[in-house]
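Colleague: So the sequences go chain by chain: A and B. Heads up: the first sequence begins at 0 in numbering that gives the first Met the number 0, then just goes up one per residue. Heads up: the second sequence begins at 0 in numbering that gives the first Met the number 0, then just goes up one per residue.
Hints are computed from structural coordinates only; laboratory data are not their basis. Hints may be right or wrong, so weigh each one.
Listed next, the in silico SDA-like pairs over lysine to any residue satisfying Cα-Cα at most 20 Å (straight line) [said to hold, decoys possible]:
1. B:Lys-101 x A:Val-4
2. B:Lys-101 x A:Ile-12
3. B:Lys-101 x A:Val-8
4. B:Lys-101 x A:Leu-7
5. B:Lys-101 x A:Arg-5
6. B:Lys-101 x B:Phe-41
7. A:Lys-234 x A:Asp-222
Short derived list, chain A residues pointing at chain B, Cβ under 7 Å [what the hints assert, rightly or not]:
8. Leu-11
9. Ile-12
10. Val-16
11. Phe-141
12. Ser-144
13. Thr-145
14. Pro-146
15. Met-156
16. Gly-258
17. Val-261
18. Ser-262
19. Ile-292
20. Phe-296
21. Ile-299
22. Val-303
Built from N, CA and C at the ideal position, the CB exists for glycine as well.
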Amino acid sequence: MRTFVRKLVIALITAWVTITATFILPRLMPGNPIEQLIGKLTGRVTPEEIAAIKAQFGQGLNEPVIVQYWHYLVNLFHGDLGTSITYSPQSVSSVIFGQLWWTLGLIGTATVLSFILGTALGVYFGWTRGARTDLFIPVAGFLQSTPFYVLGTLLVMIFAFRLHWFPFEGSYDATTVSPGWNWAFIASVLRYAQLPLASIVLCSLSGWMIGMRNMMVTTMSEDFVLMAVAKGLPKRKVMWHAARNAVLPQIANLTLAIGLLVSGALIVEQVFSYQGVGGLLVNAVSNLDYPLIQGIFLVITFTVLIMSAVGDVLYVWLDPRTRTATVE
Amino acid sequence: MRRFRLPGTWKVRVGYFLLSIFILFTVIGPWVAPYDPSYTGFTPDLSPSSQHLLGTTLLGQDVMSQLLVGCRETLVVSFVAGVIAVVISIIVGLTAGYVGGKTDEVLSLFIAVFLTLPGLVLLIVIISLFPQGQQANPLVIGSVVALTGWAWGAKVLRAQTLSLRNRDFVEASRIIGERRWRTIFAEIGPNLLPVLASSLVGTVLYAVSVSTVLAFLGLTPITTWNWGTMLYWAFANNAALAGEWWWLAGPCLAIALVGTSLALINFGIDEYINPRLRVGNLSNRERKRAGLSRRPKLGFTPVHRVTPVIGAPVMAGAQTGPEVLATEATASTPAPREDHP
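Please take these sequences and the hints and turn them into a complete structure.
Modeller: Encoded structure:
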């Protein structure tokens, strides 16, 4: 229970830090980015919109900062993230939520796939340590240290351009199908998702694999494994015994890896010109669309928080030790 | 206290070798580059030849020169970020672990918050707020990258300090009245070295990836040369679509190889910290000589350890005695090795 409360406190503080940072950073930065932005926008958009942006970032307001902060919080709790400059007059939240599902689908599927595959491989490689399969470790190291986008680029070059097995960009075939709940669209989405998925899975797989292998190796020398062997249990059962105990840190790491994974997925989207928040963010930055940048930062952080909360619940469910009051 | 030396396995050796090549090019790259990387007068779109070892771009630039010149900026930013991040993680992690109590609670929360924040997005938000002129400064990029990447190291350091704080030799130093900073730096510090090295390597790895991503996405100025901007231009000119693989292969392979070299070194550090991982690295002959089967028995840990030779002078910092392998059952998780026989 204590662990749980602690996790909740961490999540709440992270949320607060994120919210406050998005409020303070543009006000603190040298060179006043907002003034620059307004300078750029003058003449391009209506005076009302400029006034709205000024109000959002506290330019030319006669209110003390604390009151501005209060207004900002109130707006936030009403789901109002301001109006996007690039996609004006659409609101920031509608722009983001239009794209969020693509990103979530890609990341969710990739996380589940790479976690299951990587852990299973790690169990096997840990079990057969010292054998020829150890040669896979440097290969895994290569994959792990290769950034997502580099591997993605290589995959695009080989499988999309040389071999023509997969489409090379986009998230569905816009010329033949239209979005909606029809089979042609879903099939197209699945087909276009394969290559981006493969590059995320291949890169993140080896991290899980190496972590699981090392935990397996450590667990296999514990007394209860020796006991299992001594009882004369079949090898497969002994392996299962060890694996179940070795998997716990993996799940603890899962909650930590999600932030990294989200960041990686944003870039993979760029490489494959896949729809999603990644493209939106890059666009927003190059257009100095601060309301949109902030909105994306908030939404992504909250997504990460929710996903790690799910991971934490899973962990508590799997490890009875975390449920007792005294054990940290 | 034994000197911190990595096991000389082939993984570590290959890692050192690769990394030293890249460090060499960081120093001499801009001098040995055959041409000016920005010069656009060559025949565009040439595949690799003896004239242009890695071909030319669509804009008529020499890819090899860009790669060599770009090495410096990429690695300098990454190492700056790595060093700053490690300094932050030492300050936070060591304080949290050593002081304990309320300080530890607060600092641990702080670490956990930074671990949860999606680093790259925070990075992009901060970088986008800097004025254009500052975005090319390696120190600025390095510090911002460090700001988003220090937390992992701090977490590991804290845990390590916590486990060392109550060991006998630290206790002894405290009892004989050593000053606090001496206890921290002379007693605990050296035992943190492997963990520190590991977090430095890890952070540099992160920084290589992240700083090239920033350039690749066009978020830092695209007029200077590093591997990220090379990829940016290649993508902007549809190099993959046109089949100009040499334009992409150079920076991609360079990034991947730097990453691999760091990962290989990190494997070595992991094996140093956790001797149980080490058995896989002995050659067949060594194993046979030590009377070990290739597959260690379940429930037993083959430990690679040093037995002192009786009568030999015991010297601090020197490894005496032959390395002998012994099989023994161990119950507790091996702590990082400090040698107090």
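Colleague: Now, for every hint given, state plainly whether the structure supports it.
Modeller: Quick rundown of the hints versus the structure:
1. B:Lys-101 x A:Val-4: holds, 17 Å
2. B:Lys-101 x A:Ile-12: holds, 17 Å
3. B:Lys-101 x A:Val-8: holds, 15 Å
4. B:Lys-101 x A:Leu-7: With Cα atoms ~18 Å apart, Lys-101 (chain B) and Leu-7 (chain A) stay inside 20 Å; holds.
5. B:Lys-101 x A:Arg-5: Distance ~14 Å between Lys-101 (chain B) and Arg-5 (chain A) Cα, so the pair holds.
6. B:Lys-101 x B:Phe-41: violated, 65 Å
7. A:Lys-234 x A:Asp-222: holds, 16 Å
8. Leu-11: violated, 10 Å
9. Ile-12: holds, 5 Å
10. Val-16: This interface hint holds because 6 Å falls under the 7 Å limit.
11. Phe-141: Since the shortest Cβ distance to chain B is 5 Å, the answer is holds.
12. Ser-144: With a closest approach of 3 Å, the Ser-144 (chain A) hint holds.
13. Thr-145: With a closest approach of 4 Å, the Thr-145 (chain A) hint holds.
14. Pro-146: Because about 4 Å separates Pro-146 (chain A) from the closest Cβ in chain B, which is inside the 7 Å limit, the hint holds.
15. Met-156: The hint holds - Met-156 (chain A) has a Cβ within 7 Å of chain B, the shortest such distance being about 5 Å.
16. Gly-258: With a closest approach of 4 Å, the Gly-258 (chain A) hint holds.
17. Val-261: holds, 5 Å
18. Ser-262: holds, 3 Å
19. Ile-292: At about 6 Å, which falls below the 7 Å cut-off, the nearest Cβ of chain B leaves the hint on Ile-292 (chain A) intact, so it holds.
20. Phe-296: Holds: closest Cβ of chain B sits about 5 Å from Phe-296 (chain A), inside 7 Å.
21. Ile-299: Ile-299 (chain A) check passes; min Cβ-Cβ to chain B is 5 Å, inside 7 Å.
22. Val-303: Since chain B brings a Cβ to about 5 Å from Val-303 (chain A), closer than 7 Å, the hint holds.
Of the numbered hints listed earlier, those contradicted by the structure are 6, 8.
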